[in-house]
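K.L.:
Protein chains in written order, with the numbering used here: chain A, 1 to 134; chain B, 1 to 111; chain C, 1 to 408.
Keep in mind that the hints were calculated from the coordinates and are not lab data.
Given the structure is predicted, the values throughout are model-derived calculations rather than measurements.
Certain hints may be false.
In the DMTMM-like style, the derived pairs of lysine to aspartate or glutamate whose C-alpha atoms are separated by at most 25 Å in a straight line are [unchecked claim]:
{"#": "1", "chain 1": "C", "residue 1": "K214", "chain 2": "A", "residue 2": "D50"}
{"#": "2", "chain 1": "C", "residue 1": "K214", "chain 2": "A", "residue 2": "E35"}
{"#": "3", "chain 1": "C", "residue 1": "K214", "chain 2": "C", "residue 2": "D337"}
Covered stretches of chain C (in silico footprint by chain A; criterion: 3 or more residues with CB under 8 Å from a CB of chain A, positions within the stretch not fixed) [unchecked claim]:
{"#": "4", "stretch": "177-183"}
{"#": "5", "stretch": "261-269"}
{"#": "6", "stretch": "294-304"}
{"#": "7", "stretch": "315-323"}
By construction, the Cβ of each residue, glycine as well, lies at the ideal position given by its N, Cα and C atoms.
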Amino acid sequence: MNMPQLPMPPARPEGRLLDVRLSLLDRQVLDVGDEPVGVVDDVEFDDAGDGVLAPGTPPPQLRNLVHGPILLERIFGGRRPRAHFDRIPWSAVAELGSAVRLAVEASAVPVGWLEGWLATNVIRRIPGGRHVPR
Amino acid sequence: MFLADLLGRPVLQSGQRVGFLTDLRLLIPARTPGQQLGTPSVYGVLVCPRRTGSFLGFERRDLDAPLFLARWFRWRARGSFLVLWEDLAQCGEQGVELREGATRWSPALPP
Amino acid sequence: MTRIFAVALGILTAIGGFLDIGDMVTNAVVGSRFGLSLAWVVVVGVGGICVFAHMAGKVAAVSGRATFEVIRERLGPRLAVANLGASFAINLLTLTAEVGGVALALQLASSVHYLAWVPLAALAVWFVIWRVRFQLMENVTGLVGLLLIGFAVAFFLLGPDWNELGRQVMQVLPSSESPFTYWFYAVALFGAALTPYEVFFFSSGAVEEGWTTKDLAESRANVLVGFPLGGILSIAIAGCAAIVLLPAGIEVTTLSQVVLPVQEAGGRLLLAVAILGIVAATFGAALETTLSAGYTLAQFFGWTWGKFRAPAAAARFHVTMAICLIIGLGVLATGADPIMVTEISVVFSAAALPLTYLPILIVANDPDYMGSHVNGRWLNAIGQVYLAVILVVSVAAIPLLVITGVGQ
Chain A
1 MNMPQLPMPP ARPEGRLLDV RLSLLDRQVL DVGDEPVGVV DDVEFDDAGD
51 GVLAPGTPPP QLRNLVHGPI LLERIFGGRR PRAHFDRIPW SAVAELGSAV
101 RLAVEASAVP VGWLEGWLAT NVIRRIPGGR HVPR
Chain B
1 MFLADLLGRP VLQSGQRVGF LTDLRLLIPA RTPGQQLGTP SVYGVLVCPR
51 RTGSFLGFER RDLDAPLFLA RWFRWRARGS FLVLWEDLAQ CGEQGVELRE
101 GATRWSPALP P
Chain C
1 MTRIFAVALG ILTAIGGFLD IGDMVTNAVV GSRFGLSLAW VVVVGVGGIC
51 VFAHMAGKVA AVSGRATFEV IRERLGPRLA VANLGASFAI NLLTLTAEVG
101 GVALALQLAS SVHYLAWVPL AALAVWFVIW RVRFQLMENV TGLVGLLLIG
151 FAVAFFLLGP DWNELGRQVM QVLPSSESPF TYWFYAVALF GAALTPYEVF
201 FFSSGAVEEG WTTKDLAESR ANVLVGFPLG GILSIAIAGC AAIVLLPAGI
251 EVTTLSQVVL PVQEAGGRLL LAVAILGIVA ATFGAALETT LSAGYTLAQF
301 FGWTWGKFRA PAAAARFHVT MAICLIIGLG VLATGADPIM VTEISVVFSA
351 AALPLTYLPI LIVANDPDYM GSHVNGRWLN AIGQVYLAVI LVVSVAAIPL
401 LVITGVGQ
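For reference, chain A alone in the conformation it holds in the complex:
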């Protein structure tokens, strides 16, 4: 076995351990009907103030999955104000597998405007746009 020789941490409270970058980041988000909603671009935790932690500070909780144009920052570094990003609250999440499945419909979740705009102004104007190929 190639596992490192460091000891395993002591017993923890009931629950499941998950590594965010390994299992949550960049994953597809699906709504309750398995329709794609978007990709987990970032994850938002409780505000930790200036970040300095006095002993005994409780760990921050995960509030929202974030969906927005974070790609350039993740490649090149740098920071962008997150005010305009779309947030999916954790309370909407139902299941974590190879994708993140929500408990709600796509319409209940704030997602970008482009799809709707294109659907209305471009696609529906062309004959057959609403037709499901059968």
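Given chain A, work out where chains B and C should sit, using these hints.
P.N.:
Frame of chain A, contents of chains B and C only:
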């Protein structure tokens, strides 16, 4: 606090850089009233001596397939460790720092 | 007859992958310059794509995740974007070439000038993507594309000298050409067999068909029938060129030279069959590459995608593909040579192969995606060997392109 601000940041201890933050480990409780999945809290921080060492996370999983690739990626991630939340002195946009006597645990995910 | 339709996805993927316009011409060029001494590369390449398409199909069927989603999830932002950039650019170049190829094939069949066919071809591709059911699309183009079997028929009708051909097959590195040129074409043929858009299309097609864990046998059948068939037809095209064009020293530069051996073997009837096959195959390749452009972008950004949805439910997906076709049309209207375009793009795509095939191999072993359907030991062994070969090819591709001046 956003994950993207923390990933890849240098992790310091007593002024020395001991590695880079490669991941956050969450504890998802069994139940939180009002929602299907419990609200996760940060359990600990995963540190790797090399910035791109932890690619695909083979050092954390008991997965030996495909054989040569698993060994290669595990070797690249050697020296990785887990630090529990209580052992962090600072964790935020300003930087990530471990307490003086922080214990280093195995990064392996329990099955 | 209906059982052929069950493997239509595999056949269409293979046709679009290594019997598109660029590969048909490359195979004829190779046959006219090297005889059958590069046939082994096609065999190795077919083996490689069978292994990885099988894995990609398995991942899509079991987890519902198509290949580019897997690439985004496993490679991290930098490498995934690099792959997206390379794959999208290659898809765009190739679909341009395929639309041009359809026009060239139609010019061969009629005497109407190629540029007149180009807008019609682009419109037809768009219309099929917009409106025609996925299964119907794959069944028709796959089946008619199989008329390329006319080349195999021609091969036997030409009465080949088996001793000479056998000698060529065994002979590695013919002395009449430089070794760099030989290896350049070896890389080009290998790259053509393993072009990433084949797995993007195959895995997305698996999702389009709604394959689940119950359909793993069907997925395997598609792979094991489609790609070897494509390989056989590739070798047949090269073989025809080897018999007719090599001894006469005819250089292949146009599509009409590619079909010359067929006309010689079977007259105008066989020629008509072959040309019909070429039209269907290039049309299928145009569909495959255009859809792949849509699939890769949509899967990377997490958009809704798929021909099984109404276009209004996958607006960004359809708009992307329409824009790609318009760009392709624009490029062709400037008079660019579509065939030269694909030959170069295949070699560039060979340089980026590891970025596609490594994530597939990794995820096919991940129980979080595959449950109990993770790879067995033998599949992993072959997969890792091929990955090593792919790494070597990706490193050698561009230097060889430069050294040989695109195979001069």
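K.L.:
None of the hints should be skipped; say for each whether it holds.
P.N.:
A quick look at each hint next to the structure:
Using a Cα cut-off of 25 Å, the hinted pair K214 of chain C and D50 of chain A is violated, with the two alpha carbons roughly 53 Å apart. At most 25 Å may separate the alpha-carbon atoms for a hinted pair to count; K214 of chain C and E35 of chain A meet this at roughly 22 Å. Between K214 of chain C and D337 of chain C the CA atoms are separated by roughly 45 Å; this puts the pair beyond 25 Å, and the hint is violated. A count of 0 residues in the stretch 177-183 of chain C with a Cβ less than 8 Å from any Cβ of chain A is obtained; the coverage claim is therefore unmet, three being the minimum.
Under a criterion of three residues with beta carbons nearer than 8 Å to beta carbons of chain A, the stated coverage of the stretch 261-269 of chain C fails, only 0 such residues being counted. With 4 residues having a Cβ less than 8 Å from any Cβ of chain A, the stretch 294-304 of chain C passes the three-residue criterion, so the hint holds. By the rule of at least three residues with a Cβ nearer than 8 Å to a Cβ of chain A, the coverage given for the stretch 315-323 of chain C holds, with 4 such residues.
Hint violations for this structure: numbers 1, 3, 4 and 5, all remaining hints satisfied.
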